[in-house]
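Chemist: Kindly produce the complete structure, drawing on both the sequences and the hints.
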Amino acid sequence: MSLTLPRILSTLAALVLAVALPSAPAAQQTESALVAGGCFWCVESDFRRVEGVVDVRVGFAGGEEVNPSYDDVVRGRTGHLEAARIEFDPAQISYDQILHLFMRSIDPLDAGGQFCDRGRHYTTAIFADGPAQRDSAEQALRRAAADLGQPVVTALRDTMPFYEAEDYHQNYANSTDLVMTRFGPRQMQNAYRLYRNSCGRDARVLELWGDDAPFASK
Numbered sequence: 002m003s004l005t006l007p008r009i010l011s012t013l014a015a016l017v018l019a020v021a022l023p024s025a026p027a028a029q030q031t032e033s034a035l036v037a038g039g040c041f042w043c044v045e046s047d048f049r050r051v052e053g054v055v056d057v058r059v060g061f062a063g064g065e066e067v068n069p070s071y072d073d074v075v076r077g078r079t080g081h082l083e084a085a086r087i088e089f090d091p092a093q094i095s096y097d098q099i100l101h102l103f104m105r106s107i108d109p110l111d112a113g114g115q116f117c118d119r120g121r122h123y124t125t126a127i128f129a130d131g132p133a134q135r136d137s138a139e140q141a142l143r144r145a146a147a148d149l150g151q152p153v154v155t156a157l158r159d160t161m162p163f164y165e166a167e168d169y170h171q172n173y174a175n176s177t178d179l180v181m182t183r184f185g186p187r188q189m190q191n192a193y194r195l196y197r198n199s200c201g202r203d204a205r206v207l208e209l210w211g212d213d214a215p216f217a218s219k
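The opening position of the sequence shown corresponds to residue 2 in the working numbering, with each subsequent residue numbered one higher.
Wrong hints could be hidden among the right ones.
[Unchecked claim] Quick list of simulated restraints, FRET-style, between CB atoms: (1) R183 x G113: 21 to 27 Å; (2) S70 x D136: 33 to 39 Å; (3) R50 x D97: 14 to 20 Å; (4) P186 x P132: 46 to 52 Å; (5) P186 x S70: 22 to 28 Å; (6) P132 x R183: 42 to 48 Å; (7) G113 x S199: 14 to 20 Å; (8) R183 x S70: 21 to 27 Å; (9) F184 x P132: 44 to 50 Å; (10) R143 x R50: 22 to 28 Å; (11) D97 x G211: 27 to 33 Å; (12) G131 x F184: 19 to 25 Å.
Don't read these hints as lab results, they were simulated from the structure.
No experiment lies behind these values; they were computed from the predicted model shown.
All C-beta atoms, glycine included, are put in the ideal place defined by N, C-alpha and C.
Modeler: Here's what the structure looks like:
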């Protein structure tokens, strides 16, 4: 096949464009950790501050009911725990580091709930997705027990389906939407701060972990 001048010029132009145009960036490879740490607003708020965490979604895990509502879960009807799915970039932070931070942001000695929130649906757990995560979780639990000098009751469970909570629960701690509280109408972010302070979460975490508590405000 003979090459005419226009065809040669067209081919050269295509090659120049192929070299000049930047290639599309590779999709970010992320991993996820599924944990239950009592009030899921608090877990989400804490981990959104962590470098390398890409997203946090709050919801429910551990029970059998499909797509449970928040009201059903907090009434203890479903077997689910309040949970958070933490999506992270493993190039910036590891699953082991996520669990290290998680264990030091909860009270792993409390078998009846967390802080002022009582009931099984507020108890703590790590949901491990496969042998590697299970090994990491076992190490995290052993390390926490050693640091505290007593056994921890945070459960280690195989991963289960995670059902996202209603939209208004997502990023609750930063929302400016109004919600009715016992103090009257408040923006969600302000209601969250009032709740967290009154529930004693940070005070108890500091009592347990001291300077190792990564998120608690003194």
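Chemist: Of all the hints numbered above, which does this structure not satisfy? Sort the numbers upward.
Modeler: 11, 12
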